[in-house]
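Trainee: Chain by chain, the residues:
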Amino acid sequence: MIHDVKDAQAELDRLAGGAGKGPLSLLRIVAWMFVGLLLIGFAWPVAQPKYSDNKYNHKILDPLAKIVTLDKNDTRGFKRPNHGKAFTIAWIGPSTLQSISKTSYTFIPADVRKRIPVIDGRNVVVDIYFLSGARIMDLYAATQAALHSRADMIVLDLNPLWVYNDTELQGWSNLNGLTASHIIKSPSQWSLGAQFFSPEDVLTGLAATKIPAIRDRWTYAQKVRNHLSWFSVLNEKTPPPSSGPLSPLQQVAAMTDPLQFWVKYRFSPTAKNQSIADRQLAFLQGANLSGGTISDDVVSHLFGILAGAKIPAYVYVPPLSQTALKDPRFSASLAKIENHLAAQAAQHPGPLLLVNSQSLGRVLPPMEFNDIVHVAKDGPMVTYLAHAICNHLLNTKTVQHCVVLPPTKAK
Amino acid sequence: MRRAATNKGKVMNRLRKYFGEAAIGLVLGGLIFLALVATVGTVPFIYQGY
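One line per chain: the protein sequences are A and B, in this order. Read in this note's numbering, the first sequence has 317 at position 317, and its numbers run on one by one without any break. Read in this note's numbering, the second sequence has 30 at position 30, and its numbers run on one by one without any break.
For reference, chain A alone in the conformation it holds in the complex (with noise of 0.2 Å):
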């Protein structure tokens, strides 16, 4: 009969022959743990994710450049195939990387892998890792990534509007326990990661790399989802019609905390009629340049880690349109990013590391832009970068033949 606790522990000891009791049963009981961990993984194997499972891939029709980002659920963060013999280029960046208008929708550097097909007699292929909204951290996951990649070349793309605001600083923190994972040799990151990540970020993080079980848990997550949406209350086989483009007023209806609120209207919240063109630039002039900020902690750490890093690197900054950069107030706003971009890069040298502080709309012809900052017409930049990687390759020797085609041969 069990009476108290007590009773309860002798029952169990007497089943259980007293199983956790000493540190070598305790010891024998996380072995086992990690046993059945590991079995959930050959009992129930899953199929990783395939490229066609990120929708922007199907914007994408050339086969040797493909966005390599999973969900924004996924732990796994990125899908990094080996390509073999090709030089694979890992290009990083925010929604900058897109090429947005009413005819055609593409990727900047798919487009300016046509351009560069084919290096020291190798094809060329493009990781792209597109981070949508992506914030100065995701960044620096995303380059942690690729440079634990077979990647032969970075190019990273450091939109203005986010680089050093530093009330926005992640976006994407399930890439968190991936990221532990390649810093965990070193040591210089670990100031970085303690900012950042929760212990359980770095705990699964480290198990992921062993144990399939927690690595692949978002594609067991959505199995197990499938099985349980009739417990749902929410109807996703028959959503109500679209209602169309809401107005800002209806934003606001639809937001599901004050957060929201706060991230799109922090700026002006007096402003009734506040355009997209204001918004952004008071993004950009909410760049803090005070020095000593975890935006600059981020950026020194991005550009020690690619200075440190043994393939070439190449960073720029996408353009503002140039009717917003006739405007003395972008202009005045951006050249304090660029100038704290400038001297932060100064202080990580690297033999292989070109850092482009200067916005590409200061030397680019006219563009067509969506705003001030998301082109719709991607030639002329398509062209310089082309130029750009090709030229950076063969100063730094990386390599000894690289041609850009011009845009006519280019398929």
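Keep in mind that the hints were calculated from the coordinates and are not lab data. One or more of the hints may lead you astray.
[Unchecked claim] Restricting the straight-line Cα-Cα distance to at most 16 Å, the calculated cross-link-like pairs of lysine to aspartate or glutamate (EDC-like) are:
| no. | chain 1 | residue 1 | chain 2 | residue 2 |
| --- | --- | --- | --- | --- |
| 1 | A | Lys397 | A | Asp120 |
| 2 | A | Lys85 | A | Asp53 |
| 3 | A | Lys264 | A | Asp166 |
| 4 | B | Lys17 | A | Glu11 |
| 5 | A | Lys21 | A | Asp4 |
| 6 | B | Lys10 | A | Glu368 |
| 7 | B | Lys17 | A | Asp13 |
| 8 | A | Lys326 | A | Asp257 |
| 9 | A | Lys326 | A | Asp278 |
With chain A held as given, fit chain B onto it using these hints.
Mentor: Relative to the frame of chain A, chain B by itself:
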């Protein structure tokens, strides 16, 4: 005879302990797996346009 029976009892107790450890460990592994699967995000990313 009595010593043999005592030894058999000890062996059984030890086996019971090892079996208990394995059962606890495996169940713990399963629970950790379930917890990680249940807490990984599944809500799709919706770009807010800012």
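Trainee: Quick one, are Lys264 of chain A and Asp166 of chain A close enough, alpha carbons at most 16 Å?
Mentor: Holds - the C-alpha atoms of Asp166 of chain A and Lys264 of chain A are around 15 Å apart, at most 16 Å.
Trainee: Take the C-alpha atoms of Lys326 of chain A and Asp278 of chain A, compute the straight-line distance between them, and say whether it is at most 16 Å.
Mentor: 15 Å, holds
Trainee: Would the pair Lys21 of chain A and Asp4 of chain A pass a check requiring their Cα atoms to be no farther apart than 16 Å?
Mentor: Answer violated: Lys21 of chain A to Asp4 of chain A is near 19 Å, above 16 Å.
Trainee: Below or equal to 16 Å on CA atoms is what counts here, so check Lys17 of chain B against Asp13 of chain A.
Mentor: Holds: Lys17 of chain B and Asp13 of chain A sit about 8 Å apart, inside 16 Å.
Trainee: Given the hinted pair Lys85 of chain A and Asp53 of chain A, is their Cα-Cα distance within 16 Å?
Mentor: Judged against 16 Å, a Cα distance of about 26 Å means the pair is violated.
Trainee: Lys397 of chain A and Asp120 of chain A: Cα distance at most 16 Å?
Mentor: 11 Å, holds
Trainee: Checking one constraint from the list: CA of Lys326 of chain A to CA of Asp257 of chain A, max 16 Å. Satisfied?
Mentor: The given pair, whose Cα atoms are some 37 Å apart, is violated under the 16 Å limit.
Trainee: Under the criterion that the straight-line Cα-Cα distance not exceed 16 Å, is the pair Lys10 of chain B, Glu368 of chain A satisfied?
Mentor: With Cα atoms ~83 Å apart, Lys10 of chain B and Glu368 of chain A exceed 16 Å; violated.
Trainee: Does the alpha-carbon distance linking Lys17 of chain B and Glu11 of chain A stay inside the 16 Å limit?
Mentor: 13 Å, holds
Hint compliance for this structure: hints 2, 5, 6 and 8 are broken, all remaining hints hold.
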